[in-house]
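Engineer: Take a look at the letters that make up each chain.
There are 2 protein chains.
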Amino acid sequence: MYVVIVYDVGVERVNKVRSFLREYMNWVQNSVFEGELTKAEFLKIKSRLKELIQESSDHIIFYSSRDRKYLGIEDLGTPKADTSNII
Amino acid sequence: MYVVIVYDVGVERVNKVRSFLREYMNWVQNSVFEGELTKAEFLKIKSRLKELIQESSDHIIFYSSRDRKYLGIEDLGTPKADTSNII
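So the sequences go chain by chain: P and E.
Counting in the working numbering, the first sequence tops out at residue 87, every number present.
Counting in the working numbering, the second sequence tops out at residue 87, every number present.
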């Protein structure tokens, strides 16, 4: 499955969320990660994020598509350099 | 079609982008809009955003699904109050 995660979390938690997500997904924009995940990985990410964030003030949205081919992805402009993903 | 737009634009352009997108879509998180669009609306939004942003430094990603039912959407935590959408 293909997953897009967008997050709006307190500045004191951003680095933890970001370094965790980088283990599984591609950082494509300031608060946006994308990537191919198994169902097990997706469950693991959701439960770990639940531990990392403060649910009363932070917010994360998960968009998922059964297959990458069902999700159109286009962009405009220039991605920030620091979201480059060294694989 | 169901569209999610995430943007990372210069602070001097954010308000223009945000008030334009609010005419068509729901503001669901700091730099994230979602909504049901016709193909014509989607084309119009992309071309208007192209005029509004500075492509050398700003970045916008468009995720689209042919039908809302092909896109899983879940969230964690608490959406910011000011993204409430008065319809």
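Honestly, I wouldn't trust all of these hints.
Heads up, the list lumps identical chains together, so a pair's fine if it works in one copy or across two of them.
[Stated by the list, open to error] List time: in silico DMTMM-like cross-link candidates among lysine to aspartate or glutamate, alpha-carbon distance up to 20 Å:
1) LYS39 with ASP75
2) LYS44 with GLU74
3) LYS69 with GLU23
4) LYS69 with ASP58
5) LYS69 with GLU55
6) LYS46 with ASP75
7) LYS39 with GLU55
8) LYS16 with ASP75
9) LYS39 with GLU74
10) LYS80 with ASP67
11) LYS44 with GLU12
12) LYS46 with GLU74
13) LYS44 with ASP75
14) LYS39 with ASP58
15) LYS50 with ASP75
16) LYS80 with GLU55
17) LYS50 with GLU74
18) LYS44 with ASP58
Source of the hints: derived by calculation from the structure; they are not laboratory data.
Engineer: Take the hints in turn and mark each one as holding or not.
Structural biologist: Going through the hints against the structure:
1. LYS39 with ASP75: Classified as between: cross-chain Cα gap 16 Å, same-chain 27 Å, threshold 20 Å.
2. LYS44 with GLU74: Classified as between: cross-chain Cα gap 15 Å, same-chain 28 Å, threshold 20 Å.
3. LYS69 with GLU23: neither (23 Å within a copy, 29 Å between copies)
4. LYS69 with ASP58: neither (31 Å within a copy, 26 Å between copies)
5. LYS69 with GLU55: Answer is neither; intra-copy 32 Å and inter-copy 27 Å both fail.
6. LYS46 with ASP75: between (26 Å within a copy, 9 Å between copies)
7. LYS39 with GLU55: neither (23 Å within a copy, 36 Å between copies)
8. LYS16 with ASP75: Classified as between: cross-chain Cα gap 19 Å, same-chain 27 Å, threshold 20 Å.
9. LYS39 with GLU74: For LYS39 and GLU74, the Cα distance is within 20 Å only across copies (14 Å; inside one copy 25 Å).
10. LYS80 with ASP67: neither (27 Å within a copy, 30 Å between copies)
11. LYS44 with GLU12: Neither way: LYS44 and GLU12 sit 22 Å apart in one copy and 38 Å across, limit 20 Å.
12. LYS46 with GLU74: Classified as between; 10 Å across copies, 26 Å inside a copy.
13. LYS44 with ASP75: between (29 Å within a copy, 15 Å between copies)
14. LYS39 with ASP58: neither (24 Å within a copy, 33 Å between copies)
15. LYS50 with ASP75: between (29 Å within a copy, 10 Å between copies)
16. LYS80 with GLU55: Only across copies: LYS80 and GLU55 sit 11 Å apart there, 28 Å inside one copy, limit 20 Å.
17. LYS50 with GLU74: The answer is between: 13 Å across copies meets 20 Å, while 29 Å in one copy does not.
18. LYS44 with ASP58: within (19 Å within a copy, 32 Å between copies)
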